[in-house]
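A.B. asks: Residues per chain are reported as follows:
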Amino acid sequence: MSSRRGRITDEEMNELISKLQLLLPESRRRNVGRASAGKLLKETCSYIKSLHREVDDLSDRLSQLMATMDDNSPQADIIRSLLRS
Amino acid sequence: MNRKNPLPNSNPNSPNSSMQALHFLQALARIARAAPKPAHSARTRQIRHAAYASMAHSSRSSRRTWSRALLHRLRQWQQQRPGRLLTVRRRVRIVTPITSRPEEPARAETLRQLVPGGRGMEYCNLLEETADYVQCLRAQVQLMQTLLDAFSS
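Going down the list, the protein sequences come from chains A and E.
Under UniProt numbering, residue 85 is the last one in the first sequence; the count climbs by one each step, no gaps.
Under UniProt numbering, residue 153 is the last one in the second sequence; the count climbs by one each step, no gaps.
Don't read these hints as lab results, they were simulated from the structure.
What you are looking at is a predicted structure, and each value in this text was computed from that prediction instead of being measured.
Mixed in with the good hints, there may be bad ones.
Stated by the list, open to error - Pair ranges (Cβ atoms, derived):
no.: 1; chain 1: A; residue 1: L65; chain 2: E; residue 2: A35; range: 15 to 21 Å
no.: 2; chain 1: A; residue 1: E15; chain 2: E; residue 2: E109; range: 21 to 27 Å
no.: 3; chain 1: A; residue 1: N31; chain 2: E; residue 2: E109; range: 44 to 50 Å
no.: 4; chain 1: A; residue 1: L22; chain 2: E; residue 2: R119; range: 24 to 30 Å
no.: 5; chain 1: A; residue 1: E11; chain 2: E; residue 2: A29; range: 42 to 48 Å
no.: 6; chain 1: A; residue 1: E26; chain 2: E; residue 2: R73; range: 28 to 34 Å
no.: 7; chain 1: A; residue 1: E11; chain 2: E; residue 2: A34; range: 25 to 31 Å
no.: 8; chain 1: E; residue 1: A34; chain 2: A; residue 2: D56; range: 16 to 22 Å
no.: 9; chain 1: A; residue 1: L65; chain 2: E; residue 2: S18; range: 39 to 45 Å
Stated by the list, open to error - Which stretches of chain A does chain E cover? Using the computed rule of at least three CB atoms under 8 Å from a CB of chain E, they are:
no.: 10; stretch: 8–20
no.: 11; stretch: 39–45
no.: 12; stretch: 58–68
Think of the CB as a built atom: it goes at the ideal place given N, C-alpha and C, for glycine as much as any other residue.
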């Protein structure tokens, strides 16, 4: 802490907290209510964990999807054309 | 699959999201071309790896501590070969203990574990990095969902 340029102001801290709150989806934002840092962090942690789970789940489903695609399917053509820049 | 928590609007057309998307699509194409075709679980792992790699490589995030930490972690995953009996020898990183501000909530510790590289960060940096990390995570989830929707109709 001693090597820092200066302590972050309360205002800057509040801005960061608001920014985090805005990133939460509506339903989670309601759980937080007034910007209480503790609740916000708790909700953010929960949100990050659910996003990690979504990535896992979507990876699994994408994997299943790719298993059913063969080289000559129209979907494969779409991907190929997307990647041709 | 109904999504209970629809994502708040984020601009899918920003250059950062495009880079992230392109990186991910290229990785998917490589995975699709692999011969022989990997088993489902192996391919799932590869896709998941590609997802996090795309997040870390998106231009906005490459300057961020979390993306460097994530890339480091990804390289370690890649070096592990599943199916082999591994003695996981963890390199113990000496993390300089951060004297918490008295007003730093206890929850910050959990957050530090969730955000890559979080343990070594000052509290306010942690909040900034978290915001950036969440944005990239959301964009990635949105991207993967869009791909699934586009190709499974």
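A.B. asks: Hint by hint, note whether the structure agrees.
C.D. replies: Status of the hints after comparison with the structure:
A beta carbon spacing of about 18 Å between L65/A and A35/E agrees with the range 15 to 21 Å that was offered as a hint. Checked against the hint of 21 to 27 Å, the C-beta distance between E15/A and E109/E comes to roughly 23 Å, which is consistent with it. Here the CB-CB span from N31/A to E109/E is close to 20 Å, at odds with the stated 44 to 50 Å. As the Cβ distance of L22/A to R119/E is approximately 26 Å, the hint placing it in 24 to 30 Å holds.
In this structure the hint that E11/A and A29/E lie 42 to 48 Å apart at CB holds, the actual value being about 47 Å. Under the hint 28 to 34 Å, the C-beta atoms of E26/A and R73/E, about 31 Å apart, fit the expected range. E11/A and A34/E have their C-beta atoms about 52 Å apart, which leaves the hinted 25 to 31 Å range violated. Checked against the hint of 16 to 22 Å, the C-beta distance between A34/E and D56/A comes to roughly 21 Å, which is consistent with it.
Between L65/A and S18/E the C-beta distance comes to about 22 Å, which lies outside the given range of 39 to 45 Å. Only residues whose beta carbon comes within less than 8 Å of a beta carbon in chain E count, and the stretch 8–20 of chain A has 7; three or more means the coverage holds. Here's how the stretch 39–45 of chain A fares: 4 of its residues keep a CB closer than 8 Å to some CB of chain E, so the rule of at least three is met and the hint holds. Counting residues of the stretch 58–68 of chain A whose beta carbon lies closer than 8 Å to any beta carbon of chain E gives 10, which reaches the threshold of three, so the coverage claim holds.
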